[in-house]
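Visitor: Based on the provided sequences and hints, a complete structural model is requested.
Number of protein chains: 2
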Amino acid sequence: MSNQILIPKLAIVGVGLIGGSLALALKAAGVVGEVVGIGRGLANLEKALELGVVDRITQDPAEGVADADLVLLATPVLTLTEMASRVLPHMKPGAVLTDGGSVKGSVARAIEPLVPEGVHFVPGHPIAGTEKSGAEAAFATLYHRRRCILTPTAQTDPEALRLVRRVWETAGCEVVEMDVEKHDRILGAISHLPHMVAYSLVNAVSSYDRYEENILEYSAGGFRDFTRIASSDPTMWRDIALTNRDALLEMIERFELSLAELKEDIRGEKKDRLYDFFLRSKQSRDAIL
Amino acid sequence: MSNQILIPKLAIVGVGLIGGSLALALKAAGVVGEVVGIGRGLANLEKALELGVVDRITQDPAEGVADADLVLLATPVLTLTEMASRVLPHMKPGAVLTDGGSVKGSVARAIEPLVPEGVHFVPGHPIAGTEKSGAEAAFATLYHRRRCILTPTAQTDPEALRLVRRVWETAGCEVVEMDVEKHDRILGAISHLPHMVAYSLVNAVSSYDRYEENILEYSAGGFRDFTRIASSDPTMWRDIALTNRDALLEMIERFELSLAELKEDIRGEKKDRLYDFFLRSKQSRDAIL
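Taken in sequence, the protein lines are chains A and B. So the mapping is simple: our numbering equals the position in the first sequence, first residue as 1, plus 10. So the mapping is simple: our numbering equals the position in the second sequence, first residue as 1, plus 10.
Just so you know, the hints here were simulated from the structure itself, not pulled from any lab data.
Taking lysine to any residue and the SDA-like style, the derived pairs with C-alpha atoms no more than 20 Å apart in a straight line are: (1) K273/B to M246/A; (2) K280/A to D256/B; (3) K281/B to L88/A; (4) K102/A to E92/A; (5) K273/A to E271/B; (6) K281/A to L252/B; (7) K292/B to S217/A; (8) K192/B to N224/A; (9) K273/B to L267/A; (10) K281/B to L252/A; (11) K273/B to E266/A; (12) K192/A to Y221/B; (13) K273/B to A270/A; (14) K292/B to S241/A; (15) K292/B to P86/A; (16) K280/B to P244/A; (17) K280/A to M246/B; (18) K280/B to T89/A; (19) K192/B to E223/A; (20) K192/A to R220/B; (21) K280/B to E260/A; (22) K273/B to D243/A; (23) K292/A to P86/B; (24) K102/B to V125/B; (25) K273/B to R255/A; (26) K192/B to Y228/A; (27) K292/B to E227/A; (28) K292/B to N224/A; (29) K281/B to T89/A; (30) K281/B to T245/A; (31) K280/B to L259/A; (32) K292/A to L226/B; (33) K192/A to N224/B; (34) K273/A to R255/B.
Only part of the chain B face toward chain A is listed, based on derived beta-carbon distances under 7 Å: (35) V212; (36) R264; (37) L269; (38) Y285.
Note that CB positions come from ideal geometry on N, CA and C, so glycine has one too.
Guide: Structure follows, in structure tokens:
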């Protein structure tokens, strides 16, 4: 692992699981000089300082990013544009802004017009996370062997893109580049759709009122595992549903067709078609084990 | 734990995870005399004998059940009626037949007319299982703190019902009694529907052909956990889909309405309704953690 300083000064806006873990990973690799933690909540910032996630804290974004070489926005998706508008005018020439938002098209479209001459923006998304949040949840190995998708646009500076790629690779990620629309459609399929399905399933089952008792009490391990993602943060998922609306609607409709096919085969008692439907699914699933 | 013999002779038809684990649990509790393992596959039976899951094995159901006090059918749902027809004529007066099938209405309706005078049938369903199968998968504590649902009908002998209840309680289950229709609707909701949804989801995502690569390769832990149940045995789930058809169709339609509500709120960008939908689901889910 290199001990050359890659980022003399790093600013993390939103020192939670995503931002805090990148700071810890880069510190562990010895490639970062000073890390500034920027956020609204003082308690979380003080905890981040105490835990050594960051070296300095401030609640003032303008001051915090003033001499940063790289700024990571790691706040909820719907706040990214506003945060970008607050930090961009204060970034020094040659500095790079990147983000970790799980939707990229709407974010890139909103932020790019705000980027001043001489400052660069690279939209990104590390595919990692746990159900925990806050600075206390951060750990240096969160990104080991996880994918990070960078979504350069026609405007993206190649040098800035290379820097952000090296940063995520240093943190342990396998970095993949693709266009923003492809990112949003793929994440819509493998992440956003399953969350929508899990939330809908829990609501459908828990509102089943044919019997007086709460039938969820009969659920065994399978149901609990299957619906764990329905425990995710409602605000985060509301924001994702709104910002990745078109790709998500496309995937929900594909899923509805798949379920409708299964339903018709159950209704028609199509023994062979049912077996084939379940087998195909099992084979696809087992291939990614 | 009592050391009184509850079942002098127990016959298990299908010595897999379900049947084998009951045998081991009753042996551990010291309440069973001899256990006879009955099945088609000699290799599995010999393994069961070698592991001490059963004391004697036979491939002849008629001979195996001849002097059994309790016979458990633990074969796939669609085979239960045929197995019942093969063992019932050979059971001794006063003996009790029970089963562990995950669908109860169609099974009870098919088996009850076959029960000879003096022999008793108690339909049952222990809600337990892992993704493994075969005698080697069996273990004595599978049923600890799991629910077992017994579904007596108008024909069920109260004394036989009491015996089967004691057997499952001895194995560690909390035993609940309910009518067959209620069982099938509840299991349709909390078990069968989630499996149909998982299979449909994997098929919808894996058939997404907008891009050349297999987008499942981008899936992270959430998708893998969420779709684990789509790796279940296609034959077993085909049989469940066919035998619990009406309850399952009802639940699929409830789920479709729930998803359609969510889809319309995404389409209409109903911020507050989306938040409420996700929050309600999270609260129901967290209540069963």
